[in-house]
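Chemist: Fit chain G to the known structure of chain R by using the hints.
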Amino acid sequence: AQSVTQLGSHVSVSEGALVLLRCNYSSSVPPYLFWYVQYPNQGLQLLLKYTSAATLVKGINGFEAEFKKSETSFHLTKPSAHMSDAAEYFCAVSYNAGNMLTFGGGTRLMVKP
Amino acid sequence: DTEVTQTPKHLVMGMTNKKSLKCEQHMGHRAMYWYKQKAKKPPELMFVYSYEKLSINESVPSRFSPECPNSSLLNLHLHALQPEDSALYLCASSLGTSGGGDTQYFGPGTRLTVL
Numbered sequence: 020a021q022s023v024t025q026l027g028s029h030v031s032v033s034e035g036a037l038v039l040l041r042c043n044y045s046s047s048v049p050p051y052l053f054w055y056v057q058y059p060n061q062g063l064q065l066l067l068k069y070t071s072a073a074t075l076v077k078g079i080n081g082f083e084a085e086f087k088k089s090e091t092s093f094h095l096t097k098p099s100a101h102m103s104d105a106a107e108y109f110c111a112v113s114y115n116a117g118n119m120l121t122f123g124g125g126t127r128l129m130v131k132p
Numbered sequence: 022d023t024e025v026t027q028t029p030k031h032l033v034m035g036m037t038n039k040k041s042l043k044c045e046q047h048m049g050h051r052a053m054y055w056y057k058q059k060a061k062k063p064p065e066l067m068f069v070y071s072y073e074k075l076s077i078n079e080s081v082p083s084r085f086s087p088e089c090p091n092s093s094l095l096n097l098h099l100h101a102l103q104p105e106d107s108a109l110y111l112c113a114s115s116l117g118t119s120g121g122g123d124t125q126y127f128g129p130g131t132r133l134t135v136l
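Protein chains in written order, with our numbering: chain R, 20 to 132; chain G, 22 to 136.
Chain R on its own, in the form it takes in the complex:
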């Protein structure tokens, strides 16, 4: 069965510091990978999506993620954190024609002034 693991349920960084949120998937078949962000009391907003066109994917708000097949990882990064980046981040994967998403447990990003 497909699964997604987000290492670290909480990540705290200082404003201006590098953001690194980790995501690992389990599969022998290359998946489609997504990162979503959820602000308090809101829905999920797509940050970026990997579809095998390029291993480095650029998303909105300065975020990017790199697909590493050898490590089965799709970590999310941003060079410089802003206070407005504080939110819950979900990594998700889909594999098949049904397009069902399997979500990781989520990582809450906190940004300190």
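These are computed hints drawn from the structure, not numbers from a lab.
Since this is a predicted model, take the numbers as computed values, not measurements.
Glycine is no exception: its CB is placed at the ideal position from the N, C-alpha and C atoms.
It is possible that part of the hints are untrue.
Subject to a maximum C-alpha distance of 27 Å in a straight line, what follows is the list of computed DSS-like cross-link-like pairs (lysine-lysine) [to be verified]:
{"id": "1", "chain 1": "G", "residue 1": "LYS40", "chain 2": "G", "residue 2": "LYS74"}
{"id": "2", "chain 1": "G", "residue 1": "LYS74", "chain 2": "G", "residue 2": "LYS61"}
{"id": "3", "chain 1": "G", "residue 1": "LYS43", "chain 2": "G", "residue 2": "LYS30"}
{"id": "4", "chain 1": "R", "residue 1": "LYS131", "chain 2": "G", "residue 2": "LYS40"}
{"id": "5", "chain 1": "R", "residue 1": "LYS68", "chain 2": "G", "residue 2": "LYS62"}
{"id": "6", "chain 1": "G", "residue 1": "LYS30", "chain 2": "G", "residue 2": "LYS57"}
{"id": "7", "chain 1": "G", "residue 1": "LYS62", "chain 2": "G", "residue 2": "LYS30"}
{"id": "8", "chain 1": "R", "residue 1": "LYS131", "chain 2": "G", "residue 2": "LYS62"}
{"id": "9", "chain 1": "G", "residue 1": "LYS57", "chain 2": "G", "residue 2": "LYS39"}
{"id": "10", "chain 1": "G", "residue 1": "LYS62", "chain 2": "R", "residue 2": "LYS77"}
{"id": "11", "chain 1": "G", "residue 1": "LYS74", "chain 2": "G", "residue 2": "LYS30"}
{"id": "12", "chain 1": "R", "residue 1": "LYS68", "chain 2": "G", "residue 2": "LYS39"}
{"id": "13", "chain 1": "G", "residue 1": "LYS39", "chain 2": "G", "residue 2": "LYS59"}
{"id": "14", "chain 1": "G", "residue 1": "LYS59", "chain 2": "G", "residue 2": "LYS40"}
{"id": "15", "chain 1": "R", "residue 1": "LYS77", "chain 2": "R", "residue 2": "LYS131"}
{"id": "16", "chain 1": "G", "residue 1": "LYS74", "chain 2": "G", "residue 2": "LYS39"}
{"id": "17", "chain 1": "R", "residue 1": "LYS68", "chain 2": "G", "residue 2": "LYS40"}
{"id": "18", "chain 1": "G", "residue 1": "LYS61", "chain 2": "R", "residue 2": "LYS68"}
{"id": "19", "chain 1": "G", "residue 1": "LYS30", "chain 2": "G", "residue 2": "LYS40"}
{"id": "20", "chain 1": "G", "residue 1": "LYS59", "chain 2": "G", "residue 2": "LYS43"}
{"id": "21", "chain 1": "G", "residue 1": "LYS40", "chain 2": "G", "residue 2": "LYS61"}
Ranges between beta-carbon positions, derived for each pair [as the list claims (entries may be wrong)]:
{"id": "22", "chain 1": "R", "residue 1": "LEU75", "chain 2": "G", "residue 2": "MET36", "range": "16 to 26 Å"}
{"id": "23", "chain 1": "G", "residue 1": "LYS62", "chain 2": "R", "residue 2": "THR70", "range": "23 to 33 Å"}
{"id": "24", "chain 1": "G", "residue 1": "LYS39", "chain 2": "R", "residue 2": "SER71", "range": "41 to 51 Å"}
{"id": "25", "chain 1": "G", "residue 1": "LEU94", "chain 2": "R", "residue 2": "LYS131", "range": "20 to 30 Å"}
{"id": "26", "chain 1": "G", "residue 1": "ARG51", "chain 2": "R", "residue 2": "SER46", "range": "22 to 32 Å"}
{"id": "27", "chain 1": "R", "residue 1": "THR70", "chain 2": "G", "residue 2": "HIS98", "range": "42 to 52 Å"}
{"id": "28", "chain 1": "R", "residue 1": "TYR58", "chain 2": "G", "residue 2": "THR28", "range": "34 to 44 Å"}
{"id": "29", "chain 1": "G", "residue 1": "ALA101", "chain 2": "R", "residue 2": "GLY35", "range": "48 to 58 Å"}
{"id": "30", "chain 1": "G", "residue 1": "SER119", "chain 2": "R", "residue 2": "ALA73", "range": "33 to 43 Å"}
{"id": "31", "chain 1": "R", "residue 1": "TYR58", "chain 2": "G", "residue 2": "GLY35", "range": "23 to 33 Å"}
{"id": "32", "chain 1": "R", "residue 1": "ASN60", "chain 2": "G", "residue 2": "GLU105", "range": "13 to 23 Å"}
{"id": "33", "chain 1": "G", "residue 1": "HIS31", "chain 2": "R", "residue 2": "MET102", "range": "18 to 28 Å"}
{"id": "34", "chain 1": "G", "residue 1": "SER119", "chain 2": "R", "residue 2": "TYR58", "range": "29 to 39 Å"}
{"id": "35", "chain 1": "G", "residue 1": "SER76", "chain 2": "R", "residue 2": "GLN21", "range": "17 to 27 Å"}
Modeler: Same frame as chain R, but now just chain G:
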């Protein structure tokens, strides 16, 4: 326009009430989804409609009844809910293409409280 709208934003209901949640999209998407999200947890899939037909029901109790009147509209009818059903209910839509990789666009959710 990548907007999915949901109404109401908040809903408080008693265990004997009947209420409905509404979701709408005008992106031409043919797949629509209902998710339930408890606090500090990822969304859990409840139902999937594909081309207005129910394609997936993730063993959801019958007190939740989905309906897809047309390709733009998705309803979730609620009856005799329990307090543990209190959650954020999210609607999403996607193109509905085969082959995987369909991007799901989420609405803002309805915050449901069952007293």
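Chemist: Are the hints correct? Go through all of them and say.
Modeler: Against the structure, the hints:
1. G:LYS40 - G:LYS74: Cα-Cα ~22 Å, so holds.
2. G:LYS74 - G:LYS61: violated, 31 Å
3. G:LYS43 - G:LYS30: holds, 10 Å
4. R:LYS131 - G:LYS40: Distance ~42 Å between LYS131 (chain R) and LYS40 (chain G) Cα, so the pair is violated.
5. R:LYS68 - G:LYS62: This hinted pair holds, its Cα atoms lying about 21 Å apart.
6. G:LYS30 - G:LYS57: Holds - the C-alpha atoms of LYS57 (chain G) and LYS30 (chain G) are around 14 Å apart, at most 27 Å.
7. G:LYS62 - G:LYS30: holds, 20 Å
8. R:LYS131 - G:LYS62: holds, 23 Å
9. G:LYS57 - G:LYS39: holds, 18 Å
10. G:LYS62 - R:LYS77: Status holds; Cα separation ~26 Å.
11. G:LYS74 - G:LYS30: holds, 26 Å
12. R:LYS68 - G:LYS39: Not satisfied, since the Cα-Cα distance of roughly 38 Å exceeds 27 Å.
13. G:LYS39 - G:LYS59: holds, 21 Å
14. G:LYS59 - G:LYS40: Holds - the C-alpha atoms of LYS40 (chain G) and LYS59 (chain G) are around 20 Å apart, at most 27 Å.
15. R:LYS77 - R:LYS131: holds, 25 Å
16. G:LYS74 - G:LYS39: It holds: about 23 Å lies between the C-alpha atoms, which stays within 27 Å.
17. R:LYS68 - G:LYS40: Given pair LYS68 (chain R), LYS40 (chain G) is violated - Cα atoms ~35 Å apart, limit 27 Å.
18. G:LYS61 - R:LYS68: Cα-Cα ~23 Å, so holds.
19. G:LYS30 - G:LYS40: Between LYS30 (chain G) and LYS40 (chain G) the Cα gap is close to 13 Å, so the pair holds against 27 Å.
20. G:LYS59 - G:LYS43: holds, 19 Å
21. G:LYS40 - G:LYS61: holds, 25 Å
22. R:LEU75 - G:MET36: 16 to 26 Å: violated, 51 Å
23. G:LYS62 - R:THR70: 23 to 33 Å: holds, 27 Å
24. G:LYS39 - R:SER71: 41 to 51 Å: At roughly 46 Å between Cβ atoms, SER71 (chain R) and LYS39 (chain G) fall inside 41 to 51 Å, so the hint holds.
25. G:LEU94 - R:LYS131: 20 to 30 Å: violated, 44 Å
26. G:ARG51 - R:SER46: 22 to 32 Å: This hint holds: roughly 26 Å between Cβ atoms.
27. R:THR70 - G:HIS98: 42 to 52 Å: Violated: the Cβ-Cβ distance is about 36 Å, outside 42 to 52 Å.
28. R:TYR58 - G:THR28: 34 to 44 Å: violated, 19 Å
29. G:ALA101 - R:GLY35: 48 to 58 Å: holds, 52 Å
30. G:SER119 - R:ALA73: 33 to 43 Å: violated, 23 Å
31. R:TYR58 - G:GLY35: 23 to 33 Å: holds, 30 Å
32. R:ASN60 - G:GLU105: 13 to 23 Å: holds, 20 Å
33. G:HIS31 - R:MET102: 18 to 28 Å: holds, 27 Å
34. G:SER119 - R:TYR58: 29 to 39 Å: Given range 29 to 39 Å: holds, Cβ gap about 32 Å.
35. G:SER76 - R:GLN21: 17 to 27 Å: holds, 18 Å
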